[in-house]
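Undergrad: All chains, full assembly: derive it from the sequences and hints.
Quick note, the sequences are listed as chains A and B, same order. Under the numbering used here, the first residue of the first sequence carries the number 1, and numbering increases by one thereafter. Under the numbering used here, the first residue of the second sequence carries the number 118, and numbering increases by one thereafter.
Read the hints as simulated data drawn from the structure, not as lab findings.
Calculated cross-link-like contacts (lysine to any residue; reagent style SDA-like; alpha-carbon spacing at most 20 Å): (1) B/Lys171 - A/His51; (2) A/Lys38 - B/Arg181; (3) A/Lys81 - B/Glu144; (4) A/Lys38 - B/Glu179; (5) A/Lys38 - B/Gly166; (6) A/Lys49 - B/Glu179; (7) A/Lys49 - B/Met190; (8) A/Lys38 - B/Arg163; (9) A/Lys38 - B/Leu180; (10) A/Lys38 - B/Arg173.
Since we're looking at a predicted model, the values are computed, not measured.
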Amino acid sequence: MPSNDARILDRELKKGSAELVILSILEARPRHGYEISKLIEARSNGQLKFHVASLYPLLYRLEERGWLQGRWVEKAGQRRKRFYTLTPAGRRVLASQRSTWRSFVEAMGLITGVDHA
Amino acid sequence: MRSTSSGRWAAVLRAYLADLGLDPGREAAIVEELAQHLEERYEELRAAGSDDVKARHLALDELRESGDLASRMRALTQTRSPAPVVPGQPVERLFGGLWQDVRLAARLAWKQPGFTATVVVTLALGIAVNTLVFTIVNAAVLRPLPFDDPDGIVRLSVNTGNAQNPIANLSYLDVQDWQGAERTFEHIAAADDRMVDLSGDQQAPVRLEASYISWNLLPLLRVPPALGRGFTAADDRPGAPLAAIIGSDLWRTRYAADGAVLGRTIRIDGAPATIVGVMPPGFGFPNRAQLWVPVAARSEEERTSREARTLDAVGRLHPGVTLEQARAELAGIASVLAERFPDTNRNVTPRVEPASIAPPIVGVLVAMIGAVGFVLLIACANVANLLLARAADRARDVTLRLALGASRWRIVRQLLTESLLIAAVAGIVGLALSHAGLQMFLANVGPEAAPPSWVQFTLDRVVFAYLAALCLGSTLVCGLVPAWSASRPDLVAGLNDAGRTDTGSRSRHRWTGAFVVAQVALALVLLTGATLMAHNLVGLLRIDIGVNPGEVLQTGFVLQRGDYTPERRLLFFQRLEERLSSSTGIHAALASSGPMAGALVRRVRVEGQPASDANALPVVSVVDVGERYFDVLDVPLVSGRVFHLEDATRLAEQVVVNERFARMSFQNGPTVGRRILLLPPNPAAEGLDATPWMTIVGVVGDVRQRMLPSRDFDPVVYRSYTADPPRPMQVLARSTAGPAAVATVVRSQVQALDPDLPLFPVATIAGALAEQFWPQRVFGSLFFAFAAVALALATCGLYAVTSYAVSRRTREIGVRVALGADTRRVWWTVTAATLRQLGVGVALGAAGAAAVSAVLPALMVGEDRWNPWVFGGVALVLLATGLLATAVPARRATRVPPTVALQAE
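TA: Structure representation (structure tokens):
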């Protein structure tokens, strides 16, 4: 049972930065939905979780905006899986959102005196 | 086994997605993907030690977590339209999704009713004035003649070889000779418009527009009478019994559309005639005639003199004949005539032109097209600025769409669709407005300026095509720059939440500035032109004609009938004067023409002055007046005396002149007692000794005779009408009773002398002048209305631009004020750019106004087209209005409380 604070953090993070998170995860290479959800959980030390009900609508929305492209890939002896790739537009948005985020964090650091380094 | 294990999720997932109404393929794909996810999660939970039931519960909990899957999915349009956007790739179909654009545009327009209404009204005004003017031009100039095969009809006239009068109509004998050109012409026919008196049908006599026409005119036009027959060659012979054809209007109003009118006898200028036919409705060739008689019925002199070039001639070419071929055949005939009649036809060559109608006001119409074009441009500049402002507000939206891979064309298309939708609505509103304007225009056109009967100011395909072109054109003019500018925002700035600070893009500002400058300049040009016209009209209405035009009533009649010999005319006038002088309440006099109604023109030679070239002698106006003329008109006697009837035997040798004449001919020397000779206008050709020497017996104050455009008093010579009684005669009257009472008195006295004689309408001289000035009045007020619209639009434009700039900079201004900035400095910051644009616009506009006023028709602006007061005054008015439109919203900016400014976002 996650603590109350953790749940709030999860909600806030998702609200403000879910798109940035997904785009970052996909920056290195194409991944499928389950892999994405596991990576988010792992990289956030379990603080941030995207379950099936929130992950897929988000993926579809980003796909619809043209930032991602989903593609079914078949491998011998395995079930086919849908892999998501970052599009050039998605890459531009990622760069822009990243810099916005950086500025935001810097500003928050300056204001609140929390050193993020 | 794996497929069945993931199969267990499928039913649950389908239930979740059921009410999304996905297409089966898409649903299957989503179910497959989500089922895999759930299965992997289930296996992971099992591997971590959960039992089957618990693992399944935990997995399904995550499916239910954070709300409803279906409602999250519903937000996605992808669930509805499965075709994915392929970013970065060109859109395949140029116009794919156009309907979507239109719907989006309509939704947007609906969501911003204030903005939409402003833009629609602005454009509608511009479109309305353009459609109005074009409807007039189309009807009066562009439309072909409403006859069968109008291209085959040509207008015929002659080059006279005379420098003073280079183009003339044809004489009766010329027409008859030209009718021999049968190789190229099917018909050659002639018409002579004139007013005639219609009587002899047991009704009040009436004066109406008639036309003396060749018998073959109707076959040439291919318009047969609606009732009865047309003229035959036998009708059109000198001495034949007079046949008449009447117009449809006359038939309805005077003869109650009675078929039995055929064969009835009427009197035309006193001569008996038989009605043989009735023309169809709307026919009034050549202008607005309601009565036609054969051309051979004109006077003998007009039939036998080759110099009486009074006939409008038209021809119908054989099919396939060119104007050149027709000219060649007529030239052959003309050269034969030149040899046979060298005195009259030596240098005469034929002119053959397409029979288009060219009213005298074409110059004015062209100027009007220009003026309303300006109004539309101003409206477009306004709308463009509004759209630019909105484009700035939408920068984020556009940036996002570009980032999503929408092509620039797609964005431009969407924005243009919005403009087009607005323009289409504005077009419909504008059409209604222009219809109302047209009714107002027609109600104000003077009756004597009414166009030929077939000119109908109606909307036809040409007008609608023009309207559509206007809408499309204004869409492009208004929409292209905003659309283009909006479609190239700074991507990163846009996504970082652009528009939070003041400015938007630099190029957008350049465009806004250019639109403001253009608007101000165009408004100035238009306003200057309109003011010049108004200035001219006021000058015309205030023109000093030497009598008080509001006090003198005027009517008249023409003793046209052949049996009115000079002796009988004299008797008629004398009896009428006696009768009028014995009528109570009216003080009346006779004159051959009233003030400012033109006059007989003669050259004058003064006895004792060196004989010069007769054609260089000064031109004067000659008026034949009755004894009481100067008294009734209150014209002061300067020296000598006026006419006295006791002098009857010597009246033929006496004249009275006005002061202008005395100054012109004798400078300051004595005038009374000097002798003058009156000569025809072209004395070299017409012989010198036209009148006896006449002695000046008196000098009177100036009264203007000549009509426009001359602004000065003209030299006038008054003769007694007893010397050479004219046929037309005006009755001038002063009365305390109104026009109706005067009309009753004069009519009863005239008809006591000749019951068949109709009277002209009674009006004050001022009223007659106002009618004479109808083009200045009607077109002047139209121009003024256009200019007012232009000024209003330009003012709104300036206001809107400044307001917008202020609202975008509210935060910045608030901070400045909070930090203690001087209010004036802040004011200046906000207005500097607009004021600069205003200045540039006024400068450009003044230059444009000078250029335009140089080409405005003299009819509208008169002589005073460079009046510096007009130019300066209009520029000042525009500057002042512009300053006000800028200052008011800018003042608001300096009063923003800092707390409000800082919350502005």
